[in-house]
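Going line by line, the protein sequences match chains U and X. Residue numbers are given in our numbering: position 33 of the first sequence equals residue 33, and the series is strictly consecutive. Residue numbers are given in our numbering: position 520 of the second sequence equals residue 520, and the series is strictly consecutive.
Read the hints as simulated data drawn from the structure, not as lab findings. This one's a predicted model, so the numbers in the text were calculated from it and none came from an experiment. Watch out, some of these pointers could steer you wrong.
Claimed, not checked - Straight-line Cα separation of at most 30 Å, BS3-like style, residue types lysine-lysine; simulated pairs:
1. U:11 <-> X:167
2. X:77 <-> X:476
3. X:191 <-> X:300
4. U:54 <-> X:37
5. U:54 <-> X:329
6. X:167 <-> X:300
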Amino acid sequence: MTSPLEQKKIKIAGPSVVTANRTWDGIVVYRTAAKGWSPDLSEAAIVRNSDEAKALLAEAVADDVGAVGAYIAPVQIGEDGRIEPGNLREQIRSTGVTIGQPAQV
Amino acid sequence: MYAYDEIDRTLVNERVSEFRDQVKRRLSGELTEDEFKMLRLQNGVYLQLHAYMFRVAIPYGTLASRQLRQLAHVARKYDRGYGHFTTRQNIQFNWIKLAELPDALADLAEVGIHAMQTSGNNMRNVTSDQWAGVAPGEIEDPRIWSELIRQHTTLHPEFSFLPRKFKIAITASDHDRAAIKIHDIGLRLIKNEKGETGFEVLVGGGLGRTPFIAKTIKHFVHGRDILSYIEAILRVYNQYGRRDNIYKARIKILVHELGIEKFSREVEEEWQHIRNSSLQIDDEVIEDIRARFSYPAYEKLPHMPDELRQAAADPDFEAWRKNSVAPHKVQGYSIVTISLKPVGGPPGDATAEQMDALADLADKYSFGEIRVGHEQNLALPHVAKRDLPALWKALDRLGLATPNVNLITDIIACPGLDYCSLANARSIPIAQELTRRFANHELANLIGRLHINISGCINACGHHHVGHIGILGVEKNGEEVYQITIGGRADENAALGNLIGPGVKFDEVADVVEDIVEAYLALRERPEELFMDTVKRLGVEPFKERVYATR
Ligand code: HEM
Ligand code: SF4
Chain U
1 MTSPLEQKKI KIAGPSVVTA NRTWDGIVVY RTAAKGWSPD LSEAAIVRNS
51 DEAKALLAEA VADDVGAVGA YIAPVQIGED GRIEPGNLRE QIRSTGVTIG
101 QPAQV
Chain X
1 MYAYDEIDRT LVNERVSEFR DQVKRRLSGE LTEDEFKMLR LQNGVYLQLH
51 AYMFRVAIPY GTLASRQLRQ LAHVARKYDR GYGHFTTRQN IQFNWIKLAE
101 LPDALADLAE VGIHAMQTSG NNMRNVTSDQ WAGVAPGEIE DPRIWSELIR
151 QHTTLHPEFS FLPRKFKIAI TASDHDRAAI KIHDIGLRLI KNEKGETGFE
201 VLVGGGLGRT PFIAKTIKHF VHGRDILSYI EAILRVYNQY GRRDNIYKAR
251 IKILVHELGI EKFSREVEEE WQHIRNSSLQ IDDEVIEDIR ARFSYPAYEK
301 LPHMPDELRQ AAADPDFEAW RKNSVAPHKV QGYSIVTISL KPVGGPPGDA
351 TAEQMDALAD LADKYSFGEI RVGHEQNLAL PHVAKRDLPA LWKALDRLGL
401 ATPNVNLITD IIACPGLDYC SLANARSIPI AQELTRRFAN HELANLIGRL
451 HINISGCINA CGHHHVGHIG ILGVEKNGEE VYQITIGGRA DENAALGNLI
501 GPGVKFDEVA DVVEDIVEAY LALRERPEEL FMDTVKRLGV EPFKERVYAT
551 R
């Protein structure tokens, strides 16, 4: 895969985060303001314009050992300041499958 | 059962230690993801939404009980306690950690299971009829030939860097359970007038963005020439195949663009150069492979044992028997399909406990053998009829006796947006809702044979094009929308379904399917007229009217 930085022009429509899968176990993680990764969306660094998004993504992509496949994903910020995933795909990545898993049934 | 030889075992073990080293280098940062991706794909490891996904091959769908136990062990130890059986005789684990993958591979290698040829642009796991070797009327066990092709193409340089992935399926029965017409190459085992074994060769089938039903390229290729003939096809493909455009790279596109006549002429010419080469197969090679397949020591048993006669009084048993139990080539035995489609459950999933218990039941009732079919169900291939009632009770306790094989709730569905990073829409919840809607067994039985296939994107892993009712999830303005087709089928009369009209929303899909089914029940001329026959007789129109009249 070519780097997402070269792939397309970065333009964001609203508050966004950078997300990826953690390299050693594959779980969903978010880039934090502390230049690390967290599985918790509430700890994600929020970017609000394209330059910020580009910078956060560049920094995230450079950490290829930490996480793979980094990209920018939309979020919504609730009135109480809570960060919510911006679409169904990100919802599923954040909170898990929408179906019961057989081993739990 | 097939006994792998030393070469195979060495190869599998070498691959495990190679991969262990590669993973170590990846985790230390010595390899970047770009460098590593190819390597992981060669070992069946994808990256999905929530985790890595690990795909393991079950060659021609035959598993020994100890192998199934090991799959259960991997599900339990490295995953979340379950696995997903796919339409290509693979099993997928959805939650595997990269750091633990080498251990999982090593555990599987102990029982001769590997993940080679499960991803990448190479020759994929050669699939076959899940009833191979036991189906009545079968000409010959097709797995012998699947195995021959598997051996020849595994890691063969010419088949490892193809323009795109390449899939072969083989059947040896009149009724095609291996869906050969939707494969890159489909082989139908037949005999010529002299009684010699050979194949009708079909080419260029496939689903995905541009679906095609395979066409016959040659009516009879002698068994001894089959490798050279396949190689000739692959050479023509390698020479012309579009590497520049991933959407056009499959052989189906080439066959379509060149036309089957020109394509077959090219293949014929290529074949004449190589058919008398070392690719010609000696009888001993086939006999050697044949000898490695062992068949159970069947007993001489009555056609209708007392146990079966008595159990017939129980309507629940009968409901299950009618749909799950099929005739066997040996008198007194049956082939039992195990439905992995419980009401409300994700199609094709089995828990570690179910796999373990099924392995025990296979030991007790099926000479230690289990089969995996493309409909995402399992089968016990050699069950004595007298054992059917006891087996049924045991399966029922495990939640594996849903009496819905081949009925409307026996749904094929891909993982969709719940797991898959390529998905546009969810598949599994649609399947779950449909199994609840049609949970009433009387109703499902009244409807009769009806296959619903669901894919979460155009890649068509859920075979939606060839579902009697096909459901394709797409995305429209950030919303899940489903396109519905009817009239597809994947058997010997394979056909692509036709769209009935505009897409419908997630919440409406089950209602629309209900409408289609109600229309069918009203339109069919007699109860034996299957959904497919009604669609064939009347076309899409009456169904379309019914569905969209109120929408
Ligand atoms: C979840 C991870 C999966 C990914 C990323 C994936 C990806 C793909 C892609 C990209 C294609 C299209 C390839 C092409 O047309 O060249 C494809 C085709 C296919 N997949 Fe999957 N797949 C996944 C899971 C599955 C599952 C679970 C099944 C079985 C239920 C499956 C069965 C198939 C089949 C049968 C095809 C061939 C369709 C054809 O003839 O074109 N896949 N897959
Ligand atoms: S059809 Fe699409 S959504 Fe479904 S598994 Fe295949 S790639 Fe994923």
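Mind checking the alpha carbons of residue 54 of chain U and residue 37 of chain X for me, to see if they're no more than 30 Å apart? holds, 24 Å
Has the given pair, residue 167 of chain X with residue 300 of chain X, been kept, meaning a C-alpha gap of at most 30 Å? Given that 30 Å is the threshold and the Cα spacing comes to 39 Å, the pair is violated.
Under the criterion that the straight-line Cα-Cα distance not exceed 30 Å, is the pair residue 77 of chain X, residue 476 of chain X satisfied? violated, 40 Å
Hey, residue 11 of chain U versus residue 167 of chain X, does the alpha-carbon distance stay inside 30 Å? violated, 40 Å
Given pair status - residue 300 of chain X, residue 191 of chain X, alpha carbons within 30 Å: holds, 29 Å
With the threshold set at 30 Å, check whether the alpha-carbon distance from residue 54 of chain U to residue 329 of chain X stays at or below it. violated, 65 Å
In the structure shown, a violation is registered for the earlier hints numbered 1, 2, 5 and 6, in ascending order.
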